[in-house]
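For chain A, the structure is supplied; the task is to place chain B on it using the hints.
Protein sequence lines correspond, in order, to chains A and B. This note's numbering puts the first residue of the first sequence at 35, with every later residue one more than the last. This note's numbering puts the first residue of the second sequence at 35, with every later residue one more than the last.
Among the clues, some could well be false.
Cβ pair distances, simulated, as ranges [unchecked claim]:
1. A:I295 x B:P158: 54 to 64 Å
2. A:D90 x B:D90: 48 to 58 Å
3. A:Q237 x B:E351: 47 to 57 Å
4. B:D73 x A:R292: 33 to 43 Å
5. A:Q247 x B:T153: 37 to 47 Å
6. B:E236 x A:R244: 36 to 46 Å
7. B:P158 x A:Q247: 26 to 36 Å
8. A:N250 x B:E154: 27 to 37 Å
9. A:Q60 x B:G294: 20 to 30 Å
10. B:R136 x A:Q237: 19 to 29 Å
11. A:E115 x B:R136: 14 to 24 Å
12. A:I295 x B:K324: 57 to 67 Å
Derived, one-sided and incomplete: chain B residues facing chain A with beta-carbon distance under 8 Å [claimed, not checked]:
13. A227
14. G254
15. A279
The hints are simulated quantities; they were obtained by calculation from the structure and are not laboratory data. Every residue, glycine too, gets a C-beta built ideally from N, C-alpha and C.
There are 2 protein chains.
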Amino acid sequence: MTFFTPGPAALYPAFEKHLKSFMDRQLGSISHRSQAYRDLHQFTVEQLRTLLSVPDTHQILFLGSASEIWERILLNCVEHESFHLVNGSFSQKFRDYADALRKYTHGFEKPMGEGFEATEITVPEYAEIICATHNETSAGVQMQVADIHKLKTKYPDKLLAVDMVSSAPYPALDYGLVDTAFFSVQKAFGMPAGLGVWIVNEQCLSKAERLKQYENLTIGAHHDLPTLWKFAQKHETPATPNVMAIYILGKIAEDFNRIGIDTLRKETEHKAGLLYNFIKKHQNFEASVKEPRLQSQTVVVANTKIDSSAVIGKLKEKGMVIGSGYGEFKSSQVRIANFPATSVAQTDGLVKALERLF
Amino acid sequence: MTFFTPGPAALYPAFEKHLKSFMDRQLGSISHRSQAYRDLHQFTVEQLRTLLSVPDTHQILFLGSASEIWERILLNCVEHESFHLVNGSFSQKFRDYADALRKYTHGFEKPMGEGFEATEITVPEYAEIICATHNETSAGVQMQVADIHKLKTKYPDKLLAVDMVSSAPYPALDYGLVDTAFFSVQKAFGMPAGLGVWIVNEQCLSKAERLKQYENLTIGAHHDLPTLWKFAQKHETPATPNVMAIYILGKIAEDFNRIGIDTLRKETEHKAGLLYNFIKKHQNFEASVKEPRLQSQTVVVANTKIDSSAVIGKLKEKGMVIGSGYGEFKSSQVRIANFPATSVAQTDGLVKALERLF
Numbered sequence: 035m036t037f038f039t040p041g042p043a044a045l046y047p048a049f050e051k052h053l054k055s056f057m058d059r060q061l062g063s064i065s066h067r068s069q070a071y072r073d074l075h076q077f078t079v080e081q082l083r084t085l086l087s088v089p090d091t092h093q094i095l096f097l098g099s100a101s102e103i104w105e106r107i108l109l110n111c112v113e114h115e116s117f118h119l120v121n122g123s124f125s126q127k128f129r130d131y132a133d134a135l136r137k138y139t140h141g142f143e144k145p146m147g148e149g150f151e152a153t154e155i156t157v158p159e160y161a162e163i164i165c166a167t168h169n170e171t172s173a174g175v176q177m178q179v180a181d182i183h184k185l186k187t188k189y190p191d192k193l194l195a196v197d198m199v200s201s202a203p204y205p206a207l208d209y210g211l212v213d214t215a216f217f218s219v220q221k222a223f224g225m226p227a228g229l230g231v232w233i234v235n236e237q238c239l240s241k242a243e244r245l246k247q248y249e250n251l252t253i254g255a256h257h258d259l260p261t262l263w264k265f266a267q268k269h270e271t272p273a274t275p276n277v278m279a280i281y282i283l284g285k286i287a288e289d290f291n292r293i294g295i296d297t298l299r300k301e302t303e304h305k306a307g308l309l310y311n312f313i314k315k316h317q318n319f320e321a322s323v324k325e326p327r328l329q330s331q332t333v334v335v336a337n338t339k340i341d342s343s344a345v346i347g348k349l350k351e352k353g354m355v356i357g358s359g360y361g362e363f364k365s366s367q368v369r370i371a372n373f374p375a376t377s378v379a380q381t382d383g384l385v386k387a388l389e390r391l392f
Numbered sequence: 035m036t037f038f039t040p041g042p043a044a045l046y047p048a049f050e051k052h053l054k055s056f057m058d059r060q061l062g063s064i065s066h067r068s069q070a071y072r073d074l075h076q077f078t079v080e081q082l083r084t085l086l087s088v089p090d091t092h093q094i095l096f097l098g099s100a101s102e103i104w105e106r107i108l109l110n111c112v113e114h115e116s117f118h119l120v121n122g123s124f125s126q127k128f129r130d131y132a133d134a135l136r137k138y139t140h141g142f143e144k145p146m147g148e149g150f151e152a153t154e155i156t157v158p159e160y161a162e163i164i165c166a167t168h169n170e171t172s173a174g175v176q177m178q179v180a181d182i183h184k185l186k187t188k189y190p191d192k193l194l195a196v197d198m199v200s201s202a203p204y205p206a207l208d209y210g211l212v213d214t215a216f217f218s219v220q221k222a223f224g225m226p227a228g229l230g231v232w233i234v235n236e237q238c239l240s241k242a243e244r245l246k247q248y249e250n251l252t253i254g255a256h257h258d259l260p261t262l263w264k265f266a267q268k269h270e271t272p273a274t275p276n277v278m279a280i281y282i283l284g285k286i287a288e289d290f291n292r293i294g295i296d297t298l299r300k301e302t303e304h305k306a307g308l309l310y311n312f313i314k315k316h317q318n319f320e321a322s323v324k325e326p327r328l329q330s331q332t333v334v335v336a337n338t339k340i341d342s343s344a345v346i347g348k349l350k351e352k353g354m355v356i357g358s359g360y361g362e363f364k365s366s367q368v369r370i371a372n373f374p375a376t377s378v379a380q381t382d383g384l385v386k387a388l389e390r391l392f
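Same shape as in the complex, but just chain A (with noise of 0.2 Å):
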């Protein structure tokens, strides 16, 4: 059975090679203030830095989910108040969460299928942090980099945060201008649930120490950004943390670099490319964002004349899962996963299904 569903995933071709290597090296019982720990978590932090161009200004975090980074980012860099790109199901999470830990929240809100553009933001003056979502997996939607970027040159005295849980490692972020911005694996890594990864900078650090020492405010006990920092500066972390999964989260991006990060990036356009293409000429759907520059390359989101269990029952047949529509959605939309861990052959066959069946 191949996996286009949006998350979990496909896993990673070469996962069950690195499992088993995890295994036959019984890493699974070495102590995490080991050197083999602190060996394997450097390699893994090393590997990450360089698929994603990220300065030694950032930190690499290793928490329980991205959910989990979401409450850290808001504990740790806001005292009082937050702004919020709101266009789907993820990103308004984001703005719940923030609610939930009594902050001021301000938002910026279009429909689920509509995206942003730089030059329409206006972020309001006490807001401490603008909180972007690269790609809103419920709706299909992306935000250009350059838009991302054009927020941080508005606005530099405000941390910058970006969401691309589900399209890591494929935006390309300069860190110059992301101040934070985190994913979890079982996306576009291809790796099953459980670790969520943040890239963290000095700025951060410095505004969670400042609210640290505030005795009316908490910035968390658990998964603290000032112990995070600590433990990470000597390639540990604070409690015992998912061993199996960072070690192969490592090798999987050691393997992403073999094949470069401007390939792996040009063929997830490609891809996209193909799915798009299908959907566009084919009378039975549509894409569900129309502007081609906002359409996500990494979550194909379709409208569907036919009700989307008989397209996902039917593909299924031929040994294809596809995802459903997200929330009020589900059965008028299909959601197609994109990601390294399907090749191009295996989109081709896909399309190719999808043109034979409907």
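Showing chain B alone in chain A's frame:
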């Protein structure tokens, strides 16, 4: 190499088989909102319920780690004040978390290696929760289950939280008296780290719901108890969970249930007896905990006249790995895990090797 390290510890022998079945069934790619996932989740919860005799008044929840659960208990179940029994590094960290969350903490402290009895404990009037550690891994001290239960009988209006990270499923807790308890899977369940299990009752839920109404307080945004509980009722988690670990935990709990919890507990005590007997009669070693009823059955700690690195090094040559002392006792103590993953024969082999070598 056989690992007798206190965690991450030896993998349970059946772990690899369960991992293979996870891969063969492509469970790494299933949606966490599918019936396939809900069935898997429910299976694990039911196996744990049977194994630990958890009644329906309590939910069993899955989080990232036991450290995360420390934080979630304090955020969700404490408005102002908590009380902690502290006799080592891990019970101290539970209290440190409460301080970081701006709670007012009370503690009854003893030096490492000493234990607690119910009769000597007085809980301050305004403390809302009693935080006890069943097994203090850093020092090898356990608290008798009967003493833990007496605390609740003596203070029925306070919540009782039991850290059983490095001993579950050994302690036979009575959940009629324990409001919440928790553990992580890299100890006695013989799995790689990356999953914490939180057992929690309706009293804790009610308290969290009440605190959520207070405008000046936060119970957290990620993994807050009311949200975790709501999803657990439909056999789901709020965010994408560590499906692999949840699946394998269910399978290992099923293995444990087949052996039978009484047999497992007796075997644990038998193997601990072999280790303590050796330590008692050998001139170079002595139990760090003098009082037999306070000696941990799951993590045996011995003072050693030979530097611990020499003991560890020589055993390693024989294919066996034991742990060093914790913190300041790193070189003057050794710690030997006694979990179900290591058999009576292996424990016997370790004792024989120690007898020959020293």
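Hints, one by one, checked against the model:
In this structure, I295 (chain A) and P158 (chain B) meet the distance hint of 54 to 64 Å, their C-beta atoms being roughly 58 Å apart. Hint check: D90 (chain A) to D90 (chain B), Cβ distance near 53 Å, so the stated range 48 to 58 Å holds. About 50 Å separates the C-beta atoms of Q237 (chain A) and E351 (chain B), a value consistent with the hinted range of 47 to 57 Å. For D73 (chain B) paired with R292 (chain A), a C-beta distance near 38 Å keeps the hint of 33 to 43 Å intact.
For Q247 (chain A) and T153 (chain B), the Cβ-Cβ distance of about 41 Å falls inside the hinted range of 37 to 47 Å, so the restraint holds. Between E236 (chain B) and R244 (chain A) the C-beta distance comes to about 40 Å, which sits within the given range of 36 to 46 Å. In this structure the hint that P158 (chain B) and Q247 (chain A) lie 26 to 36 Å apart at CB holds, the actual value being about 28 Å. Restraint check, N250 (chain A) to E154 (chain B): a C-beta distance of roughly 36 Å satisfies the suggested window 27 to 37 Å.
For Q60 (chain A) paired with G294 (chain B), a C-beta distance near 29 Å keeps the hint of 20 to 30 Å intact. Distance hint for R136 (chain B) and Q237 (chain A): a CB-CB separation of about 24 Å, consistent with the stated range 19 to 29 Å. Separation of E115 (chain A) from R136 (chain B) is about 20 Å and conforms to the stated range, judged on CB atoms against 14 to 24 Å. Range check, I295 (chain A) to K324 (chain B): Cβ separation about 60 Å, and the 57 to 67 Å hint holds.
Interface hint at A227 (chain B): satisfied, since its Cβ lies 4 Å from the closest Cβ of chain A, which is below the 8 Å cut-off. Checking G254 (chain B) against chain A by beta carbon gives a least distance of about 7 Å; that is within 8 Å, so the hint holds. Interface restraint check: A279 (chain B) against chain A, minimum CB-CB distance 6 Å, threshold 8 Å, status holds.
Violated hints are absent here; each numbered hint is respected by the structure.
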